[in-house]
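Sequences listed follow chains D and S, in order.
Taking this note's numbering, I'd label the letters of the first sequence as residues 35 to 415.
Taking this note's numbering, I'd label the letters of the second sequence as residues 35 to 415.
Errors might be hidden in some of the hints.
You can't tell identical chains apart in this list, so a pair holds if it fits in one copy or across any two.
Stated by the list, open to error - Taking lysine-lysine pairs in the DSS-like style, the calculated list, with each CA pair at most 25 Å apart, reads: (1) 339 to 262; (2) 312 to 158; (3) 259 to 339; (4) 334 to 121; (5) 38 to 73; (6) 80 to 334; (7) 78 to 339; (8) 343 to 262.
What the hints contain is simulated information worked out from the structure, not anything from laboratory work.
If you're wondering where the values come from, they're calculated on a predicted model, not measured in any experiment.
Read off the chains here:
2 protein chains.
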Amino acid sequence: MKKKYLFTPGPTPIPSEALLAMAQPIDYHRSEDAVALIKDVLEKLKHVFQTENDVLFLTSSGTGAMDGAVSNLLSQGDTVLVIRSGKFGERWSEICTAYGVNIIPIDVEWGNSVDPEKVDHQLKSNPSIKAVYSTLCETSTGALHDIQSLAHITQSTSTLLVVDAVSALGADDLQMDKWGVDVVVSCSQKGLMTPPGLAFVGLNSRAWDAVEQSNLPKYYFDFRKAHKSGLEGSVPYTPAITLLNALQCALNRIYEEGIQNNIARHQQMALATRSAIKAIGLPLFASSPANTLTSIRLPKEIDGKAFVKMMREEYGITYAGGQGELSGKIVRIAHLGWMDENDVIVAISSFERGMAEIGYDIAYGAGVAAAQQVFTTQDSQ
Amino acid sequence: MKKKYLFTPGPTPIPSEALLAMAQPIDYHRSEDAVALIKDVLEKLKHVFQTENDVLFLTSSGTGAMDGAVSNLLSQGDTVLVIRSGKFGERWSEICTAYGVNIIPIDVEWGNSVDPEKVDHQLKSNPSIKAVYSTLCETSTGALHDIQSLAHITQSTSTLLVVDAVSALGADDLQMDKWGVDVVVSCSQKGLMTPPGLAFVGLNSRAWDAVEQSNLPKYYFDFRKAHKSGLEGSVPYTPAITLLNALQCALNRIYEEGIQNNIARHQQMALATRSAIKAIGLPLFASSPANTLTSIRLPKEIDGKAFVKMMREEYGITYAGGQGELSGKIVRIAHLGWMDENDVIVAISSFERGMAEIGYDIAYGAGVAAAQQVFTTQDSQ
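Chain D extracted, bound-state conformation (with noise of 0.2 Å):
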């Protein structure tokens, strides 16, 4: 009898009265409850957006998400600024490139963030580049960028901000109308603790324009379909009813906990992270790390993969390994959604178990300490 615990970002653990609300019959996505169901939904999503603009939701993974937010917002022969830092932010030149956009890309060493200035310097250089494709939280790296910085950066030009916020949103801070943003883009399984296949957009008045211009081909994705409909709690296409219904109850949870207490639950999880990894004697990999997970540099002599392997087989522990380049590299630990300081302590004591297993040379108890002293502070203040 081995307890499994699941530790990437994303999909995230489900609360259960989430995983309960899938096993209920289905109903017919036209009702009257299903009706009251969507618009609960997207009025709720407006509060962990940070908005007051409509948010809209389609039935895919972020990534569908991503490529509306490319072809409903530019037309053929637009430029547009791209953040590379990531394979995340890769994609965002993918698909520009899949669409016959140019991009500029804006690349950053894996594992920093973006310098700011250099965006200023490239939008004054270039008046013309459409929008900057940013990430929140780059997943396969765990750095945070800085996004109120860009978006101070681009609402004083005609340059839309669009913002990958896929797996930090409800992690990392963005708030969205304060800060400026003008597009932000996320998905149910992560922060949102709601099982993978929903994905949600958020557009400003600025955005919208934009949309109105855009002539790239879309339908499915069509933005301007799924506001209106969201707006009548309704939908252009059968949408994935049992997820909705999940995502209500795990909504709640953020509702009552409120946003701004979500994420700073989240940020004790992650300093408690750094800390223990710190106290174990690993380097981040992240200069400026998200909240949503913590990527830890090995070892040179560890195999990441292998690690990642028996910590899934042996302990029931998942955690992600590294992607592209960092392979074998990085370890990435998710704090991510339905966790609390008592789930980051099962990932650090597994951590300290696990690399004690494999030959490292670790003093037991050391990062769950330092973790702990995180907690104890962090809740007495």
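Chain D is fixed; fit chain S onto it per the hints.
Quick look at chain S alone, frame taken from chain D:
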């Protein structure tokens, strides 16, 4: 205490083991278990598609796969033939138009099925037509198109036949390989007894050749990526894993029953329903009705929208009303997916009671008796 019955042509009822599968703690979509799950599901889908070709899946509703069946197969400037006999035929032409593809429509009166000779004539006049887009069952009318005859025509040409089998797969026969259908599109929430959120596409080698030549933009719905990943039990993007778990349970049922037996069961339910409606004295709407659902033309004095609303609120019975120009004029009763003879009896009996309540002169039990007769005759064969 009132039980609810869902007789809409999607979503359809979900078997309990599939509901409970979704309530299990979520797992990582790149785990060994997930790889085995994806491989198993894709293998069993081939049985349902009656093909030896690979089937790929997408996290979206069926319309997402239709979108992909345009953007992956065609190029700018291509001309296609679209059979429009209802809302879903029209959707094909809307998608083609969104992508700048030229369409030659074959408009068929709603309720009727296309005359294959008209398709043959068009292809002979315009041999450069790249593809014919059709539906198997036009869900908005309940009419079945003769896909076998259409495939017989396209097979000897270089024109592809692309079939929207969204609602009818598993209920109406579609022998992809034997008939020579090039592309079949379907989704989870109809005959496949799974909640909405997954879509499927089967393509033969002629279709893959077209994919290689296509220059329309696509990213999320890129069939090549989904296909290549699927062969390894993987995915390009996080899939709706809870829905895959449910799908596996549902596919096991079809696999055990066998696809032809599954279709025969639907045929029997459809025969019984049509026989019942005739006994009640109402006309069927479709000239060649599908096994998927039965559309009933209501007497002019009856407000179909009010009838459907009353049935849901007072009887807990959800039928579908008419869409578009048929709004208020027809009622659609699906006998689709996880249903058996007694579900049909409930659908008919409730229809009789509802019609009596709104003042239609009806002999209680006439429709039920006709359905019983069909089932008894069939069972004793």
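Results for each hint:
no. : hint       : in the structure
1   : 339 to 262 : between (46 Å within a copy, 23 Å between copies)
2   : 312 to 158 : neither (40 Å within a copy, 74 Å between copies)
3   : 259 to 339 : between (43 Å within a copy, 24 Å between copies)
4   : 334 to 121 : within (22 Å within a copy, 60 Å between copies)
5   : 38 to 73   : between (35 Å within a copy, 23 Å between copies)
6   : 80 to 334  : neither (44 Å within a copy, 45 Å between copies)
7   : 78 to 339  : neither (39 Å within a copy, 31 Å between copies)
8   : 343 to 262 : between (46 Å within a copy, 24 Å between copies)
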